[in-house]
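**Q** Spelled out, the chains give:
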Amino acid sequence: MKQVLFIIFFVAQFSLYAQENITISGIVTDANSGETLFGVNVYLESDPTIGTNTNEYGFYSISLPKGKHTIIISFITYNSILAQLELSETIRKNFEMQESEESLDEVVLLAKTQNKVNESAISVEKLSISSINKIPILLGEKDLIKTLQLLPGVKSAGDGQSGFTVRGGNIDQNLILLDDAPVYNTSHLLGFFSTFNSEAIKDVTLYKGTAPAQYGGRISSVVDIRMKEGNNQKFAVSGGIGLISSKLNIEGPIQKGKSSFLISGRRTYADLFLKLTKEFEDNTLYFYDLNTKFNYKFSDKDQIFVSGYFGRDVLGLDDRFGIDWGNITATVRYNHLFNGKLFSNTSLIYSNYDYDIEIQNNADPFSILSQVQDFNIKQEFQYYPNNNNKWKFGINAIFHTNNPGEIAGVSGIEEQVEKRNGLETAIYASNDWKVNDNLKINYGLRLSNFAVLGGSDYYKLDDKMEVIDTISDSGVIDNYINIEPRLSLNYKLNNISSLKFAYTRNTQNLHLIANSVTTSPSDKWVMSSNNIKPEIGDQISLGYVRNFDNNAFEFSVETYYKWMQNQIDYKDGANERDPIIERQLLYGDGRAYGIEFLLKKNKGKFTGWLGYTLSKSEKQINGINNDDWYAARQDRPHDISVVGMYEINKRLNVSAVWTYQTGNAVTFPSGKYDIGGETVWLYTERNGYRMPDYHRLDLGMNYLLKKTDKYKSELSLSLYNAYGRENAFIINFEESETDPNQIIGVQTALFKYVPSISWNFKF
Amino acid sequence: MYHPSLGTLNFKKMRKFVFFLMILGFISCESEIEIAIKDSESQIVIEANVSTLIKASKVKITKSLNLNDPLPYPAVSNALVTITDYSTDEVFILSEAESGIYENPNLIGFDEHNYTLDVIIGEETYTSNSTIPQRVVLESLIQIGEASDSDKHDGPGGRPNNSSDNDIAEIIPLYNDPIEFTNYYQFIVTRNDTILSDVFIQSDYAFNGLENSKSLKIEANKNDILYIDMQCIDEAVYDYLLGLSKNINQSSATPTNPVSNISNNALGYFKAQTSSKKMISVK
Numbered sequence: 001m002k003q004v005l006f007i008i009f010f011v012a013q014f015s016l017y018a019q020e021n022i023t024i025s026g027i028v029t030d031a032n033s034g035e036t037l038f039g040v041n042v043y044l045e046s047d048p049t050i051g052t053n054t055n056e057y058g059f060y061s062i063s064l065p066k067g068k069h070t071i072i073i074s075f076i077t078y079n080s081i082l083a084q085l086e087l088s089e090t091i092r093k094n095f096e097m098q099e100s101e102e103s104l105d106e107v108v109l110l111a112k113t114q115n116k117v118n119e120s121a122i123s124v125e126k127l128s129i130s131s132i133n134k135i136p137i138l139l140g141e142k143d144l145i146k147t148l149q150l151l152p153g154v155k156s157a158g159d160g161q162s163g164f165t166v167r168g169g170n171i172d173q174n175l176i177l178l179d180d181a182p183v184y185n186t187s188h189l190l191g192f193f194s195t196f197n198s199e200a201i202k203d204v205t206l207y208k209g210t211a212p213a214q215y216g217g218r219i220s221s222v223v224d225i226r227m228k229e230g231n232n233q234k235f236a237v238s239g240g241i242g243l244i245s246s247k248l249n250i251e252g253p254i255q256k257g258k259s260s261f262l263i264s265g266r267r268t269y270a271d272l273f274l275k276l277t278k279e280f281e282d283n284t285l286y287f288y289d290l291n292t293k294f295n296y297k298f299s300d301k302d303q304i305f306v307s308g309y310f311g312r313d314v315l316g317l318d319d320r321f322g323i324d325w326g327n328i329t330a331t332v333r334y335n336h337l338f339n340g341k342l343f344s345n346t347s348l349i350y351s352n353y354d355y356d357i358e359i360q361n362n363a364d365p366f367s368i369l370s371q372v373q374d375f376n377i378k379q380e381f382q383y384y385p386n387n388n389n390k391w392k393f394g395i396n397a398i399f400h401t402n403n404p405g406e407i408a409g410v411s412g413i414e415e416q417v418e419k420r421n422g423l424e425t426a427i428y429a430s431n432d433w434k435v436n437d438n439l440k441i442n443y444g445l446r447l448s449n450f451a452v453l454g455g456s457d458y459y460k461l462d463d464k465m466e467v468i469d470t471i472s473d474s475g476v477i478d479n480y481i482n483i484e485p486r487l488s489l490n491y492k493l494n495n496i497s498s499l500k501f502a503y504t505r506n507t508q509n510l511h512l513i514a515n516s517v518t519t520s521p522s523d524k525w526v527m528s529s530n531n532i533k534p535e536i537g538d539q540i541s542l543g544y545v546r547n548f549d550n551n552a553f554e555f556s557v558e559t560y561y562k563w564m565q566n567q568i569d570y571k572d573g574a575n576e577r578d579p580i581i582e583r584q585l586l587y588g589d590g591r592a593y594g595i596e597f598l599l600k601k602n603k604g605k606f607t608g609w610l611g612y613t614l615s616k617s618e619k620q621i622n623g624i625n626n627d628d629w630y631a632a633r634q635d636r637p638h639d640i641s642v643v644g645m646y647e648i649n650k651r652l653n654v655s656a657v658w659t660y661q662t663g664n665a666v667t668f669p670s671g672k673y674d675i676g677g678e679t680v681w682l683y684t685e686r687n688g689y690r691m692p693d694y695h696r697l698d699l700g701m702n703y704l705l706k707k708t709d710k711y712k713s714e715l716s717l718s719l720y721n722a723y724g725r726e727n728a729f730i731i732n733f734e735e736s737e738t739d740p741n742q743i744i745g746v747q748t749a750l751f752k753y754v755p756s757i758s759w760n761f762k763f
Numbered sequence: 001m002y003h004p005s006l007g008t009l010n011f012k013k014m015r016k017f018v019f020f021l022m023i024l025g026f027i028s029c030e031s032e033i034e035i036a037i038k039d040s041e042s043q044i045v046i047e048a049n050v051s052t053l054i055k056a057s058k059v060k061i062t063k064s065l066n067l068n069d070p071l072p073y074p075a076v077s078n079a080l081v082t083i084t085d086y087s088t089d090e091v092f093i094l095s096e097a098e099s100g101i102y103e104n105p106n107l108i109g110f111d112e113h114n115y116t117l118d119v120i121i122g123e124e125t126y127t128s129n130s131t132i133p134q135r136v137v138l139e140s141l142i143q144i145g146e147a148s149d150s151d152k153h154d155g156p157g158g159r160p161n162n163s164s165d166n167d168i169a170e171i172i173p174l175y176n177d178p179i180e181f182t183n184y185y186q187f188i189v190t191r192n193d194t195i196l197s198d199v200f201i202q203s204d205y206a207f208n209g210l211e212n213s214k215s216l217k218i219e220a221n222k223n224d225i226l227y228i229d230m231q232c233i234d235e236a237v238y239d240y241l242l243g244l245s246k247n248i249n250q251s252s253a254t255p256t257n258p259v260s261n262i263s264n265n266a267l268g269y270f271k272a273q274t275s276s277k278k279m280i281s282v283k
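Protein chains in written order, with our numbering: chain Z, 1 to 763; chain C, 1 to 283.
In short, the hints are calculated from the structure, not lab data.
Derived pair list, reagent style DMTMM-like, types lysine to aspartate or glutamate, alpha-carbon separation capped at 25 Å: (1) C:Lys-38 with Z:Asp-572; (2) Z:Lys-752 with C:Glu-32; (3) Z:Lys-571 with C:Asp-234; (4) C:Lys-214 with Z:Glu-358; (5) Z:Lys-460 with C:Asp-239; (6) C:Lys-277 with C:Asp-193; (7) C:Lys-55 with C:Glu-96; (8) C:Lys-38 with Z:Glu-737; (9) C:Lys-38 with Z:Glu-735; (10) Z:Lys-378 with Z:Asp-203; (11) Z:Lys-605 with Z:Asp-549; (12) C:Lys-38 with Z:Asp-628; (13) C:Lys-38 with Z:Glu-678; (14) Z:Lys-524 with C:Asp-239; (15) Z:Lys-571 with C:Asp-239; (16) Z:Lys-297 with Z:Glu-380.
Kindly generate the complete structure, drawing on both the sequences and the hints.
**A** Quick look at the structure:
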């Protein structure tokens, strides 16, 4: 019955527009740099409800009856364009927008195409690069991931730890895409910096579990990050020199207006400071990021984009121990405009994540290697039949190669967790449907399949997790098919408020098995197999948005419930070095729910926001905690973010960020006993205790030194953890030195009072 | 991660290194904090072994305490303790020699025999099974280099902090691992008449059938006399000891109790073992 209704809707939308319509379509770009603009409003002056937004390549398409029309093109921080057109046939019309020179009180902090009331998507945040510039970030770095963590529902994994969690999900449940390529490890130096160099980034969209059907593969969120193309009008060089790291950005046209390139690099040199200390002079510590981009416009209808990202962290403890890890991503994307209504994108994507640990002691040098590689082909069509529908159809195939862990000594490979291959395919269709002036619906379906590929050993386990059989066939060992419906609604109550709803289902076939109390780059990625089933996440969310005072203030409240299946954890007393790692794993369910409040001030000299999240995240896995529900490590009931920015004058702006979170759930001992003269800790429940509450204040200041037509320079100062709160990173228990009867907790805290200065320039 | 010759390598070392690198007004610090710990029910702790050496087997029964209860751990007297040699059906009754320690001077174990431990305390019964593997002889001990404090960060028995004043001696126990079995070993180290409480274990994974080259890092100074007793143990005991060393070091995975091979929620373990001793003077 549902299928019949579906077809009726589909047909009905086309039959409404049987009269003579022509299509106007084109690309919207920045006049100075030629960068395409994502999310620009293009609409009729006489009826603002007739219109659309540009897609991720700057492409828009509107259907209008023949005749005279005035079209408005508007986008945050740009001057609006009023175009008066006489249309008699389908045409291509591109637009170039000028950045606004308007006074700063028009600057909106979190850039949105339209205000949130009109957006169809719930639980979505978009960031444009101009807003990230003004937030005080650790060590003067404009950090994308840290900015996202200041939004409700998104929490960092903790100081000194990499990754973040969205709505109570695990850190591996976020699909982070850089120009369509998945990035597996998003931070350098154990969470200090993220791997995204903001000089090279154009746009970020975060979906908190409500991503439409063209996205799939992780169950908690999607972070879609798009690199800049590179200025195709003139050369530009910019960069910054800082206390701990420096960066350089070079971009320019190869053929003006037709092709351009961008190279952006960043490197830290903290180890140079180490050489000054006696104790650590033989140690190395650095990371680098290199973003490269190239694009070429063959014609008005064809364009190709090539992007590459190379990033690596290198840590070395004198000569005896070294660890390095990093990502490489590469994408080639080809856009073709068939006609004004049909846009096509074909992508070839490669992604690699690996870490390499080298231990050189005199007795037994060895190395540990772990790696994930993806080869991905994607084909997507975007079809604009009329102004009320925007269809996306596509197929996607990813070939995964996974080497979870390989230990090699002088005599060759000693221990090997089985290398595996898998093929993840999906086919999807979704539509952005404007039902009427008040109601917008995005509905879609994604059909995904994961094929467990042979060519390596798979194991059949019995109830006691013993191997009873080894499967060594080639071909497909196992198949998991999943149907993932996606639905989101936006109902406009009036011009200043709207109600939203979403239901989505997502599945996931790559899983991060953590092997320590805190995250580390050596956590293992494993794939679904005959024993490990795909994770399934279902989320329902409901929200309300209201604007005050002519969009000066925006208030939103959202509540969600998430149900997760096939969640994985190590069993109690697990042997993490087991090459048949599946023998150490247990499976169960997870659930997370919460309510998020956000109040934003968008206009005036003082801008900022206040966010509060109240939430819960739990797991239930047979074999752990007596089969009872227990708090997930990332369960943090209260989460508060206060962000404020003040423009003192045209040269100087200051900012402050205060965050507060309940501590992580943690397992502490409840008793002690003696074995062989050693104190042994007695644990009675999993995650039954809390780390101390986390809070800190960051201050920042940006001073414009000089600005001419050709050159601009700024000085950036920031202070992380300004009041020096000792936030616990890890807590251990010890016998007190003064009284062996007493057990004391000893906490280690990182990062108090971290200052940074950087000088930034732009030609 | 785990590597046979290095014990459990944890990232605490690496993190401590990262802490110190961030200078300029920045300190990472350790401090004592108050934590409200819930009380827990006291549980029975059984440490039992049956050895192939005469008068080297015993069963020690104590109870667990809340974190801040004063020591000593209470001994459990008046328990009924028996060890049965399942292969010969011979039953040995152990009587309390000292408070909480049960022995039988006639009890001696044999290679490849299976033993059952039964402990009755009040109305509760605790049982366990363990098999003595085929004996492997410890041929000799050799020391690599000299005792020094250079490895102080990576303490003995895999401990993350060597906060004591002693040096570390690296000793390789030379033995020929039999290829036909999966072998597990525990090394009890006595330093100048004191038995060290650190857990030293090895297995033959990836080294099956070879002469051993994996070393032990022992807290010892120059001229100390070390007696090392190499004991062959079964897999369940090895897994217990692995979990025990992780628990003591609070260093990896989700903190849990080591998986005991004794029933009815008893803490501790029952070890049936061989014995082979050698001595070395530390240089």
